[in-house]
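Peer 1: If you want the building blocks of each chain, they are given just below.
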Amino acid sequence: MSGGTSVFGVRVLVRLRPSVYDPQGETIRRALDAVPGLEAEAVRQGKMFELEVRAADAAEARARAETIARRALANPVLEDFTVEGP
Amino acid sequence: MRRTRFAVLVFPGTNCEGDVLHAIRTVIRQDAELVWHKEGSLDGFDAAVVPGGFAHGDYLRAGSLARFSPVMTPLAEMAASGRAVVGICNGFQILQEAGLLPGAMLRNRSLTYVCRDVWLRAEDRSSPLTAALDEGEVLRIPVGHAEGNFHVSDAALAALEDRGQVLFRYCDAAGRASGAANPNGSRNHIAGVRNERGNVAALMPHPDRAYEPALGGTDGVRLFESLARWNAS
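Note that the protein sequences, when read in sequence, are chains X and L.
According to this note's numbering, the first sequence is numbered sequentially starting from 1.
According to this note's numbering, the second sequence is numbered sequentially starting from 87.
Next comes chain L alone, as it looks inside the complex (with noise of 0.2 Å):
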């Protein structure tokens, strides 16, 4: 079978290229190369992945700056072509800003940098982060963030349930969401969603801290699963 082709895309402050960089070659042996976000073509990938970090600074707003980058035209040009673009916690804030995925991120509700295990539910499985997971399975997956409060109106939240385009929530072990098992106070307590055509999607959990024993969890490779999954049907 044809290995896919993943772009991991850098921008001045992205740090979890290498990581994204490794898992996607180690734990589901696809090619992977990274991308500055100079460049104006993605010609010959296959999929990309926006890593965290602090892209351009987080000046302004995180992830705002980065949607003037050249890269981000072949990006979106992808997206509509219905390839696969995920988002991993900056990259998440980057795709929202620019218009890929939907709603914004405000300051996490403590106000305090959140750097820790969380509890998630898959819920919906139509998305190359979710393809190989099981609806309701629940994984220990760190966050590391200060905006990762997800915010959209009423209307939008109530089109985004009915869509289904809800990939992730925080839970307790258990499975059960709850307020005190949201670290940034989320609408819904929302980790992560997809597009309506279910080919953009991004969460702000790290599966790309989790994916090996000695990382201190494995569950992280489920998401790494369906990246591999997603683009091999």
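Chain X extracted, bound-state conformation (with noise of 0.2 Å):
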């Protein structure tokens, strides 16, 4: 505790947006399917980061990081992104 803020853990998920192909996900797609037991109808590849921010509670610490996906970790024009916790 510092001045009655806590760290909270938060995770950002970003995926790119379903209308937008994914060249890396389609070649992780083909090289599991050339395994037997390893075949997925479809991949797709994105970011995941685990953020610890200070906050008065976690709904502060949620605020802020949909603050930071918003402004730096997801393009709006390629990505989506879900705030998991804290």
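These are computed hints drawn from the structure, not numbers from a lab.
Among these hints, one or two may not hold up.
[Unchecked claim] To be clear about the criterion: a stretch of chain L counts as covered by chain X if any three or more of its residues have a C-beta under 8 Å from a C-beta of chain X, and this derived list gives those stretches:
| no. | stretch |
| --- | --- |
| 1 | 132-141 |
| 2 | 191-202 |
[What the hints assert, rightly or not] A few chain X residues that don't get close to chain L, going by computed Cβ distances all over 12 Å:
| no. | residue |
| --- | --- |
| 3 | Gly3 |
| 4 | Ala34 |
| 5 | Ala40 |
| 6 | Glu79 |
We treat Cβ as the ideally placed atom computed from N, Cα and C, and that holds for glycine.
Got two chains here, each in a separate frame; can you build the complex from them with the hints?
Peer 2: Shown next as structure tokens:
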């Protein structure tokens, strides 16, 4: 604790929008397809960020993480994001 | 005639600033100075070029972290004032991430870094990169990038085309745009765009690698001539 605040762990998941072709995911899918037992109908690759943010409470921590995600971690032209926790 | 004074921005990881500086000074004989990304002012400059490289190491997304550098504030002001702001390769990605140009770059469809000459067709002359070109002019200029796959939504793409904001398309030597001539999967084979107003422009290929015979080509000179002409008018 410091000045009535705590550090909260928050997770941000960034995904390509469904309309955006994902060449990395498609390459992974093709590689999996070549191995019996590893076949998948589709693969989409995204990014996961684990943040630790200092805030007065969980709601403030989540709001900070959403701002970070919107302004930096995700590009709105290509990507959507979701925030999990704290 | 007064010379145009160009700021050539340098971020940690920028690596084409020397080529751009040399081309502006020797090819079009204008003034150019390097400006470190920590600078908070572009006072005294008429125009700016954001050169290629790997600004801030390309972490997160190519060009994304450069948006938070201090020099981006006066750069946005320069763009808003109607002066020329031009991006090359990583400079294109930076201008997109900063919201000064439309779209975003995906990983190349091939997933490989593509480094070779491509052919470009000039589509629109109302920008600092195309002012001296003929419409339909075909140029041979090298690319060198892993994330140059230009993407915008269907609606934004239609708007770009309607407003004539596409400056260059990948094509073959005869000027025919096609998937086979497109090195990265860009939508509508787009290699360069401008903003609506026409003073902010960028392309993925490197005119700064094609301005002397010793470099293997001189078609890049035409783009530097455009920079000079646009600023003189």
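Peer 1: Now tell me if each hint is right for this structure.
Peer 2: Taking the hints in turn, this is what the structure says about them:
Residue count for the stretch 132-141 of chain L with a Cβ under 8 Å from a Cβ of chain X: 0. That is fewer than the three needed, and the coverage hint is violated. With a cut-off of 8 Å between beta carbons, the stretch 191-202 of chain L has 6 residues touching chain X; three or more are needed, and the interface restraint holds. With a least CB separation of 26 Å from chain L, Gly3 of chain X remains clear of the 12 Å interface cut-off, as annotated. At the 12 Å boundary, the C-beta of Ala34 of chain X stays outside the reach of chain L, the nearest C-beta of that chain being 17 Å off.
Here Ala40 of chain X stays apart from chain L, with its beta-carbon at least about 18 Å from theirs, past the 12 Å limit. Here Glu79 of chain X does not stay apart from chain L, with its beta-carbon only about 9 Å from theirs, under the 12 Å limit.
Hints 1 and 6, counting from the list given before, are not met by this structure.
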